[in-house]
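Protein chains in written order, with our numbering: chain Z, 1 to 483; chain X, 1 to 200; chain H, 1 to 110.
Since the hints were derived computationally from the structure, they do not count as laboratory data.
None of the hints are false.
Within a straight-line C-alpha distance of at most 30 Å, the following computed DSSO-like cross-link-like pairs (lysine-lysine) qualify:
no., chain 1, residue 1, chain 2, residue 2
1, X, 15, Z, 166
2, Z, 228, X, 15
3, Z, 124, X, 80
Estimated spans, in silico, between C-beta atoms of each pair:
no., chain 1, residue 1, chain 2, residue 2, range
4, X, 32, H, 15, 33 to 43 Å
5, X, 59, H, 69, 22 to 32 Å
6, X, 40, Z, 235, 41 to 51 Å
7, H, 76, Z, 163, 41 to 51 Å
8, H, 76, Z, 453, 37 to 47 Å
9, Z, 464, H, 69, 53 to 63 Å
10, Z, 160, H, 69, 46 to 56 Å
Ideal Cβ positions, reconstructed from N, Cα and C, are used throughout, including at glycine.
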Amino acid sequence: MSIAALNSANLNAGQKVAVKYFTVAMVLFFAQCLFGMLAGLQYLQPDFLYNVLDFNVNRMVHINAMVVWMLFGFIGSVYWLVEDESGTELVGAKLANVNFWILTLAVTVVVLVYLFVQTGPGTKETIWFINEGREYIEAPRWADFGIVACVLIFFYNVAATFMKGKWSGISGVLVLDLVALAGLYLAGMFYTTNISMDQHWWWWVIHLWVEATWEVLVGCIMAWGLMKTLGARRKIVTTWLYIEVALMFGSGILGLGHHYFWIGTPEYWFTIGGFFSALEPIPLVAMVVHAVYDSGTHNFRNSNHPALAWLIAHAFGNFFGAGVWGFMHTLPQINLYTHGTQWTASHGHLAFFGAYATIIIAMIYIAVQKWRGDVWMSGDLADKGWKWKWSLGLLNVGVVGMTVALLISGYEQSFVERALEGSTWGGYFSAQTQPWFIQGMHWRMLFGWVTTAGVVLLLWDLATIGKKETRRAIDPTVTPATT
Amino acid sequence: MADTPWWASEDVWRKWAIWVTAFMAVVLIFLTFDTVAKITAGGERVPGYDVINKRIFYTFNADRNMQEPVIGGDAPLFGKMLSAGEAEELVNLGKLTVQAKNCMNCHTLLGNGAYYAPDLTKAWLDPAWGAESVREQLMVSFLMDPATNARTYGTGRRMPQLDITEDEAKGIVAFLKWMSSIDTNGFPKGFTPIRQEESS
Amino acid sequence: MIDPVAISNILAAAVAGALVIMFGAIYALLFAFSRLKQRPVLMIWAYLAYAVLVVAVGVLSITLNMRGFWQAVAVVMVVGYFVAPRLIWNLCAGTHSTEPGDGLGTVRHS
Chain Z
1 MSIAALNSAN LNAGQKVAVK YFTVAMVLFF AQCLFGMLAG LQYLQPDFLY
51 NVLDFNVNRM VHINAMVVWM LFGFIGSVYW LVEDESGTEL VGAKLANVNF
101 WILTLAVTVV VLVYLFVQTG PGTKETIWFI NEGREYIEAP RWADFGIVAC
151 VLIFFYNVAA TFMKGKWSGI SGVLVLDLVA LAGLYLAGMF YTTNISMDQH
201 WWWWVIHLWV EATWEVLVGC IMAWGLMKTL GARRKIVTTW LYIEVALMFG
251 SGILGLGHHY FWIGTPEYWF TIGGFFSALE PIPLVAMVVH AVYDSGTHNF
301 RNSNHPALAW LIAHAFGNFF GAGVWGFMHT LPQINLYTHG TQWTASHGHL
351 AFFGAYATII IAMIYIAVQK WRGDVWMSGD LADKGWKWKW SLGLLNVGVV
401 GMTVALLISG YEQSFVERAL EGSTWGGYFS AQTQPWFIQG MHWRMLFGWV
451 TTAGVVLLLW DLATIGKKET RRAIDPTVTP ATT
Chain X
1 MADTPWWASE DVWRKWAIWV TAFMAVVLIF LTFDTVAKIT AGGERVPGYD
51 VINKRIFYTF NADRNMQEPV IGGDAPLFGK MLSAGEAEEL VNLGKLTVQA
101 KNCMNCHTLL GNGAYYAPDL TKAWLDPAWG AESVREQLMV SFLMDPATNA
151 RTYGTGRRMP QLDITEDEAK GIVAFLKWMS SIDTNGFPKG FTPIRQEESS
Chain H
1 MIDPVAISNI LAAAVAGALV IMFGAIYALL FAFSRLKQRP VLMIWAYLAY
51 AVLVVAVGVL SITLNMRGFW QAVAVVMVVG YFVAPRLIWN LCAGTHSTEP
101 GDGLGTVRHS
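Chain Z with its partners taken away, still in its complex shape (with noise of 0.2 Å):
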């Protein structure tokens, strides 16, 4: 008999809402490309939808839909690890999952209008019902308040479970940044007249979530499943979320200060921002430190090849994005021609699907292992595991492939656009009429269709693997991990 059926008697009840979650999120994982190739597309032929699904719909969609299906991925694996590290039930299962359904209802509402309504007259009607028009964070007023209901019913969900049950040092790093997290969202949420003060605090929502509050969060996620996983102790893997807080918060915290060069705060934020984005990469540096460390010190058995892939993609991608893409163009002297050019579009790329899609991923694989009752996922699997590997390579491809060449026409537009032409919109356009830039957009299009077949093989695979499996997973943490 098959034992692998997917069966919610496999899992807790905090992970059966997990399990929620991570399907919403993958479903908005596709709509993502979907709606990034539409955007793409534009490019090429801009009279495609024309006046019917432009360009900005399009792009507020792609972007909306990542984030949320990031939060929706870390709400997911925050519920997955939530019983097992508080050693007690969840305390409230049924609202968990009347909050799952609401908040899924309230981002459904929210896309429709976006897709059918789209904009509205210059009112703050249409700024708490239709679109707040502010990158990132469009999501109408009424939402955030929604967002937030829900995610302050999350937060006492996890914080009360943790009381009932026991404290450690990764709940207590956990639970305080979730409090940050939500706060940071308030910063996001009020109307001004003044553009400064508006990027200003919005700049708390983006850089404070994205470069420090979200870091942290994976941070923890790992720490969690370097231990189940591998077998970590818990003495050392707690010290070292301490010490990747004290290094990430560190340099991340004022690290805000690279966003705000141009948009009319004082000077002094060249100072500020210069020195912090050079310590930036130094979280990064003691990972590839401790991480060779930790490979001779223990002989690792690892019961999920998928999971374990994307991590060490994580790691990769989380390096090159965040680091060597972000450092490259983060000091003023350089960011004056980079800034609002397609050298943001790249770093975009590659940094959110290094350091965040790559790990929620893997959390993914391993839910659907335990979901389907502990199978094997390791080497040797039925079909030699062809689906995950190509979406693996796929996705990599795929998302490396539109960075670089998003990076060529970046590099060709701050060239031709700033720093020939006067940064006018003569030089705008000029820069978006020549061959290298038109040819980076074609390239960034076809990479487009490698990352979306890549998602589909992805989704394909998550529904499926493990399937026809009659083996049982090997527990890395019953045999001695070390040699």
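Let chain Z serve as the given structure and place chains X and H on it in line with the hints.
Using the frame of chain Z, we list chains X and H on its own:
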């Protein structure tokens, strides 16, 4: 087996994590108070909204090694001097419209947004409008009917029809004029402004 | 105050910035492997990687017209990237010292 040295202990690093985070947060809060004061409209870096009554032009400041906006004599927008309150109301309508029409997912403002259409930071000063005397009317006509008035410079990209009313269009123009007066530390690089007919 | 990069140096500056980070990591990687495997020859390669980093920082500071404060940032990078892997390695050894069979001593002979 050896004891964990004190500098590598969990306890010490918990304290470091807390103190480093708290210290950085406190520094950020102090800087935020200062920055918010400096970017409040009406200050040196971000002028008050009634700057739309004035002529705005752009010059190179050798001491700062960057270009900066300079506020000149009277040049009322749409031929009408506005009180501080009226000016703010008009700029506010423009900002609301910019958000309501989702401009930022094609354009960049202060360099932030999307890269499908040109940056709007210095749109008011852009040479694309030909001459200072005709630009405000050209801008209003363009915004109200971008499909017909589109100049795509060979890209084929046209701004979509966004049903912008005349009042909203005037608001946007006021907002763009005000935004061009913000001191952006020389961004965008080496900007060549519209032919400046006088430099009062 | 900043002095923006000259037009002809944009590419050099961007490449130098990328190389600083990449060779910072390669140095860290080789350094760690050399200590782990007790292979002094790897340490030579590590220092060669570090030398590339120093050159890249030099190119960066010239192309970005760094003076005053910015030169101090360049120095902090040169020094910081040199000591960071050492400090992190010691931290690894320190935090792992209570693990059975897993302190540096056993690793070195495994």
